[in-house]
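Chemist: Every letter in the sequence shown is one number past the one before it in full-length UniProt numbering, and letter 180, counting from 1, is 180.
Simulated from the structure, these hints should not be mistaken for laboratory data. Warning: the hint list may mix true and false statements.
[As the list claims (entries may be wrong)] In silico lysine-lysine, DSS-like type, Cα no more than 30 angstroms apart, as pairs:
| # | residue 1 | residue 2 |
| --- | --- | --- |
| 1 | K138 | K196 |
| 2 | K94 | K122 |
| 3 | K196 | K122 |
| 4 | K175 | K94 |
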Amino acid sequence: MSFARISLANGVPRTLRSFSTTRSRPQSLIAYTQRCPAPTCECASTPPDLDIDRKSPLLNTMASYSEHVVLCTGQGDWVSNIEQEEGETGGFVKGLKGVIGKGGVGFDPFNNILITASSLPKSEKPGATTALLFPSFKRIPHIPHTPDAFSIFATAYLKTRTLHLMHAGLSTEQKDALLRDESVATQLSPAEPITKPTILICGHGGRDQRCGILGPILQTSFRQELQRRSIDADVGLISHIGGHKYAGNVIMYIPPNIEGNKLAGSGIWYGRIGPENVEGVVEETLVKGRVVAELLRGGVTQNGGNIGRMVEAQLEKDRGNEDGEGELRIKARARR
1 MSFARISLAN
11 GVPRTLRSFS
21 TTRSRPQSLI
31 AYTQRCPAPT
41 CECASTPPDL
51 DIDRKSPLLN
61 TMASYSEHVV
71 LCTGQGDWVS
81 NIEQEEGETG
91 GFVKGLKGVI
101 GKGGVGFDPF
111 NNILITASSL
121 PKSEKPGATT
131 ALLFPSFKRI
141 PHIPHTPDAF
151 SIFATAYLKT
161 RTLHLMHAGL
171 STEQKDALLR
181 DESVATQLSP
191 AEPITKPTIL
201 ICGHGGRDQR
211 CGILGPILQT
221 SFRQELQRRS
231 IDADVGLISH
241 IGGHKYAGNV
251 IMYIPPNIEG
261 NKLAGSGIWY
271 GRIGPENVEG
281 VVEETLVKGR
291 VVAELLRGGV
301 TQNGGNIGRM
311 VEAQLEKDRG
321 NEDGEGELRI
331 KARARR
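Construct all of the structure, not just a fragment, from the sequences and the given hints.
Modeler: So this is what it looks like as structure tokens:
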């Protein structure tokens with residue numbers, strides 16, 4: 001597995017769908033380690049006065065989703081509800097939710113989309129927003145803030161390819177409004193593949209001070225660790241993703257082009273991450289391609305697999321493994 005040296009622009013590194021099972025596919029193996037390795041060098045410490053839940057079960061505290069829309073805003077914090085954020089960020093969220101949110105013509109309760117703001121560099125074009133899509137691993141630059149553009153963006157990239165059986169009674173017109181049509185993507189700037197890892201850390205202080213305090217500390221820790229290893233990755237703060245009591249909340253999106261990493265093409269959600277865990281999760285997840293079970297909230301694959309549920313079953317099967325390491329048998333499920 002090879003990486004180039006990290007590059008940081010301006011000091012800042014560049015809501016859901018149901019899943020259904022189709023015909024059986026070959027099982028793949030994803031390795032795991034039960035516990036996060038201890039750091040080998042000095043690191044920052046987690047502020048001792050943060051009220052973090054370290055007792056409740058962590059696995060499967062991630063809500064399932066089909067696509068994560070990450071808006072590049074260039075700022076590191078937002079008001080509690082990003083839809084109410086003044087300026088372009090709030091306007092984009094309102095516009096997109098007007099299409100796929102409740103009451104929108106493209107609203108589909110079986111096709112769940114997660115929308116978050118991020119500190120990653122904003123579009124240089126006024127009146128436009130750049131969005132990252134995971135686990136599609138696509139970057140859509142300069143989406144205009146117009147009703148037509150919001151509709152095109154949703155239709156080209158976010159709507160379902162196959163309707164849920166519960167939609168069978170809808171009219172043809174209603175069904176068409178819920179289905180993806182990738183041909184309209186030509187009306188937007190061309191999509192670009194995301195080819196390097198993206199690490200997103202909840203730092204939404206406007207929503208909860210635990211993430212607001214710990215998020216920036218983790219951002220610095222990840223940047224330092226990645227730079228030490230000469231790993232080229234984007235690191236950014238994001239708005240609320242649920243589970244503030246499990247701070248620090250970290251999502252690691254590993255692009256499908258990363259050779260030799262069994263987690264390539266996946267998004268891994270971790271909770272209770274402190275600076276002392278950063279070296280370990282980078283080593284295990286980005287370098288070795290293994291999930292750290294004790295910190296795992298869940299995850300998604302490009303094929304629609306719910307990693308949390310699969311890990312839960314495999315950990316139960318492998319319980320008693322002496323060295324705390326094993327293989328996760330992940331049976332992919334088709335994305336809708």
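Chemist: Holds or violated: are the alpha carbons of K94 and K122 at most 30 angstroms from each other?
Modeler: Since the Cα atoms of K94 and K122 sit roughly 18 angstroms apart, the hinted pair holds (cutoff 30 angstroms).
Chemist: Check whether the Cα positions of K196 and K122 lie no farther apart than 30 angstroms.
Modeler: holds (18 angstroms)
Chemist: Is the straight-line distance between the alpha-carbon of K138 and that of K196 30 angstroms or less?
Modeler: holds (11 angstroms)
Chemist: Against the 30 angstroms threshold, does the CA-CA distance of K175 and K94 hold or violate the hint?
Modeler: With Cα atoms ~23 angstroms apart, K175 and K94 stay inside 30 angstroms; holds.
In this structure, none of the earlier numbered hints is contradicted; all agree with it.
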